[in-house]
Amino acid sequence: MKRIGRTAPVVAALLVALTWLLVRSASPDPVLHERTLDALRMLSLNNAALHRDVLRARAGLLRNYDPLVRSVDGLRGAVIGLQTLGTALDDSAGVAINRQLERLTAAVDEQEALVDAFKSSNALLQNSLSYLNHAAHQLDAPPWRAEGETSRATGMLANAMLRFTGEPTPEAAADVTAAIGRLADLPPSAGGTDVQPLVTHGRLIVATLPDVDGIITRLLSSPTDERAQALQDLYLEAHGRAAARATTFRLLLYLAAVVLAACLGHLFFRLRINARTLRERLAFENLIAETSTRFINLPLDRTAQGIDDALARLADGAGLDRAYLLLGAATGMGVEAAHGWSRQGIAALSADCRDLLLATGLRWQLPGHDRQGCIHVPSVAALPAGRERAALMACAIRSWTCVPLGRTGNRIGLLGFDMTRRERQMADDDIALLRMAGEIFVSAIEREQAAARRAALEMQLRQAQRLEALGTLAGGIAHNFNNILSAILGYAEMALAHLPRDSRTFGHVREAHRAGERARDVIDQILTFSRRAERRHQRVAMKPMLDGAIALLRASLPATIELHLRAPSADATVIGDEAQLQQVVMNLCTNAAHAMNGRGIVALELDSITFDEAADLSHGTAARGRYWCLQVRDSGHGIDPATIERIFEPFFTTKAVGLGTGLGLASVHGIVADHGGVLNVRSRPGAGSTFEVYIAAADPGDRRDDEAEPPLPHGHGETILLVDDEQPLVALGEEMLAELGYEPVGFDSGSAALAAFSADPQRFDLVIADEVMPAMTGSELALAMHRLRPDIPFILMSGGVMPIEADQTHMVGICAFLKKPLASSDIARAVARHLPPRA
236 MKRIGRTAPV VAALLVALTW LLVRSASPDP VLHERTLDAL RMLSLNNAAL
286 HRDVLRARAG LLRNYDPLVR SVDGLRGAVI GLQTLGTALD DSAGVAINRQ
336 LERLTAAVDE QEALVDAFKS SNALLQNSLS YLNHAAHQLD APPWRAEGET
386 SRATGMLANA MLRFTGEPTP EAAADVTAAI GRLADLPPSA GGTDVQPLVT
436 HGRLIVATLP DVDGIITRLL SSPTDERAQA LQDLYLEAHG RAAARATTFR
486 LLLYLAAVVL AACLGHLFFR LRINARTLRE RLAFENLIAE TSTRFINLPL
536 DRTAQGIDDA LARLADGAGL DRAYLLLGAA TGMGVEAAHG WSRQGIAALS
586 ADCRDLLLAT GLRWQLPGHD RQGCIHVPSV AALPAGRERA ALMACAIRSW
636 TCVPLGRTGN RIGLLGFDMT RRERQMADDD IALLRMAGEI FVSAIEREQA
686 AARRAALEMQ LRQAQRLEAL GTLAGGIAHN FNNILSAILG YAEMALAHLP
736 RDSRTFGHVR EAHRAGERAR DVIDQILTFS RRAERRHQRV AMKPMLDGAI
786 ALLRASLPAT IELHLRAPSA DATVIGDEAQ LQQVVMNLCT NAAHAMNGRG
836 IVALELDSIT FDEAADLSHG TAARGRYWCL QVRDSGHGID PATIERIFEP
886 FFTTKAVGLG TGLGLASVHG IVADHGGVLN VRSRPGAGST FEVYIAAADP
936 GDRRDDEAEP PLPHGHGETI LLVDDEQPLV ALGEEMLAEL GYEPVGFDSG
986 SAALAAFSAD PQRFDLVIAD EVMPAMTGSE LALAMHRLRP DIPFILMSGG
1036 VMPIEADQTH MVGICAFLKK PLASSDIARA VARHLPPRA
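Count along the sequence shown from 1, add 235, and you get the number used in our numbering.
Source of the hints: derived by calculation from the structure; they are not laboratory data. This one's a predicted model, so the numbers in the text were calculated from it and none came from an experiment. There could be a bad hint or two in this list.
[Stated by the list, open to error] Have a look at the derived ranges for each label pair, beta carbon to beta carbon:
hint, residue 1, residue 2, range
1, Arg516, Trp255, 30 to 36 Å
2, Ala572, Leu708, 39 to 45 Å
3, Glu520, Ala248, 29 to 35 Å
4, Arg578, Ala691, 24 to 30 Å
5, Asn509, Arg476, 45 to 51 Å
6, Arg514, Ala691, 44 to 50 Å
7, Ala413, Leu272, 39 to 45 Å
8, Val258, Asp664, 35 to 41 Å
9, Val258, Gly295, 42 to 48 Å
10, Gln684, Ala586, 20 to 26 Å
11, Arg338, Leu272, 15 to 21 Å
12, Asn509, Val258, 38 to 44 Å
13, Glu520, Asp851, 34 to 40 Å
14, Arg334, Gly295, 39 to 45 Å
Note that the Cβ used here is the ideal one computed from N, Cα and C, for glycine as well.
Kindly produce the complete structure, drawing on both the sequences and the hints.
So, in structure tokens, the structure goes:
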């Protein structure tokens, strides 16, 4: 190939010389030559025709000026046809011809302008002459013949005009002018003969005829013929020189062709020597193209098999001993996936060699081995002593080619090719083809990974949709249960206030009240799951929260369960509800204890994690940012993938009937989602489970302090309007308000309450109404009462969350919101806070 490289410039120079000689030996174009001579002849013929037609028009023998137009167009066409004449000849002759052509073009332009002027002036002249002849014949015929003086003057004008048009001399012009004067001086005739047009046309003829004859004189003396002849002489002379020069260059062209034929013969024999190499490279390129085509339509589940087959074909086609593709683990330690092929009689790479070669290829430091973006070591034995040489020698490699996979700074693995029996120097083109093969493998792997990510996202979407549907159902059920619990807890609270504390009845009612509170906690978990619980988020220190949760767990879990906490950062803080976060910890630890059948170690670890970009987790996607990650790890029986997919669904449990409600992990999911966090579950059957809770870290300046609550107040007989569609809750509320010192007025429908309020708006000091009521909701009732009396305090209560946004409550007159089930303390503080001050 190097000898061919030295011969190629010689051949190229000969080809350039041959091309130059071929161009210079070309004879003048015979077609152009004939076209040029035809144009010159047409120029002369059209110029002669123009002169003839101008004289005919002057004599009045032309009916129109079309012949003149055709002659001028012929002159112009001939000149245009000669425009390329200068470029067809050598530079010196072309310059002279172009200069003469410009002079000829100027002469034709001048002729065209004169023809235009002639047509205008001659038209006026011929029109006036026609009118003069017509008028003279009319005056000589009856009845005008009787007017002898006018007839004689007209006849004298016609005779003088005839002499003037035949020979327009100054004397003839003076005779015409005198005849026109005599005709103009005649008095008007009695017969009505008007000689004024004759006078006007006569004067126009005297003024126009000399100009027309002057234009004709200039046209006839135009130098067009002389300049056309001069151009023809220059062209014929240049054409003769060009023909003689072409003959000389044809002889030189023949000699150059002989030399070139000799060089091409030499080059042909050299090319035959390299034909085998080129065929092999072409076959390898076809193999790369075939590999790319196969991967385009390859099913995703056959990607691994496709890579193995492609490695075998590539290594065998390139004559290499071994080929392998190594993908690094996500942790950066070791090989996660490997594909390989080795020639018969050559051992495959061991696991240790795979790890060693992956680390060597991705951390290569020796200079001088970078070829086409790859690493090529023709001789491992020639490498300097060091880590790289030791690794390659340990794997019995004599020549090594490494193609890094992935983008710079984000390498995912390598594609390696070995020679173990002999050393080999690979050409740059072959290395470039191997790098192309690596890009094909990367595309196939990324396509497989993208499909896996898409399937995971679709699974997460379906899970989120199921959770959303179940959450909506759970929220509705929780609202109805809150109404029931309102009556139970309210009446139990009032009963406890009137019973002796040492009586058995007090204990029974207290236990019933406690059971109602536990039921309320369950409802709160359901509302938390459905994301319908009221938020009370503030800065929460994670370490004290975890310590408190572990203290509660030690009291509730068996002694055979050990709790190990590792929380190295004492300043770990998030924004959230401490009680809810403790509930998350307790539920996860309880679930872990159950998974270990009441015996084992539950490890809790708190670490700071920062995601530089969005991270896809098992049950959600974490946006970029800094998080506190709480890990709860057990050594239980593990979880299969199908169960992991449904593990946070409400009422889903793998426990036997009566041993689990299926709300523990569902409430964990609701609380974490309410805090803007994400859950991740890692588990395999028989290998334990790890639950990871990611909560965004709080900013150092983001602080929220709880407000101190005032002591329980009582009323002074203020009138309170109470509205609830549940009649038992109306009665309960009236009793509570009465015991707090207020005068309650209860209604079980919004329309009845609005009618009473409309009758006397000033009667009531405050309104308490339920939101969910038939016919008229609480917020609609608030808006109607606000229109009647804008200053009336209105407290809205509901078993769920506030139905309207907080910044819109003032628009409908709502000043506070109470969550069912209500306690007397909640009502007392809300009413006292929003009652207008006493006068």
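Hint check:
For Arg516 and Trp255, the hinted distance range of 30 to 36 Å is satisfied, since their beta carbons lie about 35 Å from each other. Under the hint 39 to 45 Å, the C-beta atoms of Ala572 and Leu708, about 43 Å apart, fit the expected range. Taking 29 to 35 Å as the suggested C-beta distance range, the pair Glu520 and Ala248 conforms, at roughly 31 Å. Arg578 and Ala691 have their C-beta atoms about 39 Å apart, which leaves the hinted 24 to 30 Å range violated.
For Asn509 and Arg476, the Cβ-Cβ distance of about 48 Å falls inside the hinted range of 45 to 51 Å, so the restraint holds. Against the hinted window of 44 to 50 Å, the Cβ-Cβ separation of Arg514 and Ala691 comes to about 47 Å, which satisfies the hint. In this structure the supplied range 39 to 45 Å is violated for Ala413 paired with Leu272, their Cβ-Cβ distance being about 56 Å. Take Val258 and Asp664: their Cβ atoms lie about 36 Å apart, and the range 35 to 41 Å holds.
A hinted range of 42 to 48 Å is violated for the C-beta pair Val258 and Gly295, which are about 58 Å apart. At roughly 23 Å, the beta-carbon separation of Gln684 and Ala586 lies within the given 20 to 26 Å, and the hint holds. In this structure the supplied range 15 to 21 Å holds for Arg338 paired with Leu272, their Cβ-Cβ distance being about 19 Å. Checked against the hint of 38 to 44 Å, the pair Asn509 and Val258 fails, with Cβ atoms roughly 33 Å apart.
In this structure, Glu520 and Asp851 meet the distance hint of 34 to 40 Å, their C-beta atoms being roughly 38 Å apart. Range check, Arg334 to Gly295: Cβ separation about 41 Å, and the 39 to 45 Å hint holds.
This entry does not satisfy hints 4, 7, 9, 12, going by the numbered hints stated previously.
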